[in-house]
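Just so you know, the sequences run in chain order A and B.
Just so it is clear: in the first sequence, position 32 is 32 by my numbering, and no numbers are missing.
Just so it is clear: in the second sequence, position 106 is 106 by my numbering, and no numbers are missing.
Just so you know, these hints were derived from the structure itself, not from any lab.
Hints may contain errors.
Incomplete in silico selection of chain B near chain A, CB under 7 Å [stated by the list, open to error]: (1) 6; (2) 10; (3) 20; (4) 21; (5) 40; (6) 92; (7) 109; (8) 124; (9) 268.
Output of the computed footprint for chain A on chain B, the stretches with three or more beta carbons under 8 Å from beta carbons of chain A [unchecked claim]: (10) 22 to 30; (11) 46 to 54; (12) 111 to 117; (13) 249 to 255.
From the three backbone atoms N, C-alpha and C, an ideal C-beta is built for every residue, glycine too.
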Amino acid sequence: MRIRERHLKILRAVTVAITAVIILLPVVWFILIGVINYDAVLRGSPRLADFTLEHYRKLSARVPVSGIILDTAFLALLSSIFAALLAVPSAYVISRGDGKLFNQLYTISLTVWLVPPVALSLQVYFWFIQLGLYDEFGGLLVLYSVIGTTLIILLLTPFLDRIPKQLDEAAWVDGLQGFGALWHIHLPAVSHLLLGASMLCFVRSWNELLFAGLLTNVRVRTMPVAILSMVTGSHIEWGQIAALGTLALIPAPLALAFFLASGVFKQGRRRASRGGVSR
Amino acid sequence: MPQSLGIGPRVTGLLVALLLAFFLMVPFIGTVWKSLLQLDPARPSTYGQFVGVDNYRTLLTKEPEFRTSLSVSLRFVLIALVQCFLAFLLAVLFRVLWPHRLPRLLVLLLIFPLLLSPTLVALMGRLFLNDQIGVITRLLKGLHLLGADGAPLGNAGGVWLWVSVIDAWQWVPFTSLLFWLCLRLIPVRQLEAARVDGIGNWLLLRFVIIPYLSVPVTVVILFRLLEALRAYDLPQVLTGGGPGVSTLTTSIYAARITFNQQRFGVGAAHLVLIEVCAYALIVILASNVKSLRGVLRRKSG
C-alpha cells in the first residue's frame with residue numbers, strides 16, 4: 001500500500017499542526033492569564049485593552065521574585081557544572097576502562113537516577129539536620145550535583161563508546177593519556193552532547209520540588225517551592241501564579257533554543273547517514 | 001589499552017563510584033534501621049526503642065490508607081502502560097510519515113512538555129480545571145457534559161481521568177519520540193529483503209521487527225513505569241492526594257506520614273517497601289540497559 005506523495009505532505013503538515021496546538025495552546029493561555037485582567041480570563045477572549053502588568057507588579061510586592069530566580073538559577077547552574085566535572089571522567093573510564101567496577105558504575109548511576117527520591121528523603125533529611133545543611137544553599141547544591149552526575153553519565157557514556165578505539169591508541173602513541181587524551185581527543189567529539197546533557201541537568205534542578213520543599217525553608221527559596229507556596233490559602237491569585245509560572249518556564253524554551261544552536265540534532269543526522277553508508 | 005586511561009580519570013571515576021554507592025546504600029541502610037525503631041513523637045516514653053517489625057505490622061494492618069495508596073499507585077502504573085501504548089501508536093504514525101528523520105520543529109515540540117516542571121504543569125491543570133475560571137471546565141459546562149456546579153477535580157470518581165490526561169500531556173510526546181528512535185533501529189534493507197523473500201506480515205513481525213524492538217522498547221516502558229511509580233510532584237500539586245484518598249499515591253502517602261505526621265518509624269518502613277519495589281524494577285532495567293549499551297557500541301565498531 002503506497003500513499004501518494006501529495007497526500008503524505010498534507011498528512012505531515014496536519015500532524016505537526018495538531019501536535020503544536022495540543023502542546024502550545026495550554027502554555028500560551030497560561031502565559032496570557034499572567035498579563036490580562038480577571039474579567040478577560042472569565043470572558044475567555046482577551047482584547048487589547050485587557051492587557052496589564054498589574055499581576056507582575058503585585059507579585060514582586062508579595063514575593064522576592066529576583067531573589068528566588070537568582071537562588072534557583074545559581075543552584076541549577078553550579079550543580080550542572082559540578083555534575084559535568086564529575087561525570088565526564090567517570091563516563092570516560094566507564095567507556096574505556098576494563099575493570100568490573102567501572103562497568104558497575106553505569107548500573108549504579110542508573111540506579112541512583114531511578115530510585116524514587118522519596119525513598120531517600122528521610123535519611124537525607126536527617127543528614128541535613130545533623131550536618132547543619134538544612135535550609136542552606138550548599139546542601140541542595142551537593143544533592144543536585146550528585147543526581148545530575150548520574151544523568152550526565154547515563155547520557156554521555158554510549159556516545160563515548162562510539163568514538164573508535166583507534167583514536168585512543170593514536171593519542172597514546174603521541175604521548176597523550178589520561179586527562180590529556182580526554183581533553184584533546186574525546187571531549188571535542190562529544191562537547192555539544194555534554195552541553196546538552198548539562199542543560200538537562202540545569203532544567204531538572206530548576207524544576208525539582210520534593211527535596212527543595214523538604215530541605216529549605218526561608219533562607220533558600222527555589223522556584224517550584226515559591227510557586228507552590230502561593231497556592232495555599234483560601235483565595236488563590238491565579239493571575240500572579242501565572243506570572244510567576246511564566247518566569248519559571250523560561251528555561252524550557254531556552255534549553256530548546258540551546259539544543260538547536262549547539263547542533264545536538266545535527267549530530268544525530270550525521271551519524272544516521274554514516275550508519276547508512278557503512279551498512 | 002588500559003595504560004592510556006591515565007591516573008586522573010581513574011581516580012575521579014573511583015571517587016564518583018564511591019560517592020554514588022554511598023549515596024545509594026547508606027540512606028537505604030539508614031532507612032531500614034529507622035524502620036525498626038519506634039520514632040513516634042506522640043509516644044515519648046518509648047521513643048527510639050528497638051521494636052523489630054512492629055512498624056511494618058502497623059503499616060500492613062492498622063493503616064487502611066496504605067492499601068489504598070498501593071492500589072492508587074498501581075493504577076498510576078497501569079495508566080502509564082496505556083500511555084506507552086498510545087505513544088507507540090503515535091510513533092508508528094511518525095515512522096510512516098517520516099521514515100528517515102523527524103522535522104526539527106516536531107522534535108522540539110515533543111521534548112518541550114518534559115522540560116516544564118511537573119509543579120508547573122500540575123498548576124496549569126488546576127487552573128484550567130478550576131470550577132470558576134477554568135477553560136476546560138467552562139467548555140465542558142457549555143457542552144453540557146458537566147453539571148452547572150460540577151468541578152472536575154472535586155469528583156472522586158472522575159478525578160482520575162484528569163490526572164491521567166495531564167500526566168499524558170507531559171509524558172506521551174517524549175515517549176513517542178523515544179519509541180520512534182526505537183523503530184528507527186530496524187534496518188530498512190532487512191525489511192526490504194524480507195519482502196523480496198516473500199515473507200508474510202506475521203513472520204516479518206515475529207522474526208525481524210520484534211527481535212529488533214524488544215530490548216529498547218522494554219527499556220523505554222520500564223523507564224516510564226518507574227517514573228509513574230515515583231510520581232510525586234504532579235498528583236501532589238494537582239490534587240494533593242484528594243479528593244478524599246482517591247489519588248493518594250504511595251509517594252505522597254509516604255511523605256505525608258513521614259514528614260507531615262512525623263511518624264518517622266512507620267514512614268521509614270513504608271519507604272523501605274517503596275525502595276524494594278523500585279529496586280526490583282531497576283534490576284530488570286539495568287540488565288537490559290547493559291545489552292542496549294552493547295548494541296550501541298557494536299554499531300560503531
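Checked hints:
1. The closest approach between the C-beta of residue 6 (chain B) and any C-beta of chain A is roughly 2 Å, which is under the 7 Å cut-off, so the hint is satisfied.
2. Hint status for residue 10 (chain B) relative to chain A: holds, with the closest Cβ pair at about 6 Å, below 7 Å.
3. A hinted interface residue such as residue 20 (chain B) counts as satisfied when its beta carbon comes closer than 7 Å to some beta carbon of chain A; here the least separation is about 5 Å, so the hint holds.
4. Hint on residue 21 (chain B) holds. Least Cβ distance to chain A is approximately 6 Å, under the 7 Å limit.
5. Violation of the interface hint for residue 40 (chain B) is found here, the shortest Cβ-Cβ separation to chain A being roughly 14 Å, above the 7 Å cut-off.
6. Taking 7 Å as the C-beta cut-off, the interface hint given for residue 92 (chain B) is violated, the closest approach to chain A being about 12 Å.
7. With a least beta-carbon distance of about 5 Å to chain A, the hint placing residue 109 (chain B) at the interface is held under the 7 Å criterion.
8. Interface restraint check for residue 124 (chain B): the shortest CB-CB distance to chain A comes to about 5 Å, inside 7 Å, so the restraint holds.
9. Restraint check, residue 268 (chain B) versus chain A: the minimum CB separation of about 6 Å is within 7 Å; hint holds.
10. Counting residues of the region 22 to 30 of chain B whose CB falls under 8 Å from any CB of chain A gives 6; the rule of at least 3 is met.
11. Counting residues of the region 46 to 54 of chain B whose CB falls under 8 Å from any CB of chain A gives 0; the rule of at least 3 is not met.
12. Coverage of the region 111 to 117 of chain B by chain A holds in this model, with 6 residues showing a Cβ closer than 8 Å to a Cβ of that chain against a need of three.
13. Requiring three or more residues with a Cβ within less than 8 Å of a Cβ of chain A, the coverage given for the region 249 to 255 of chain B holds, as 3 such residues are present.
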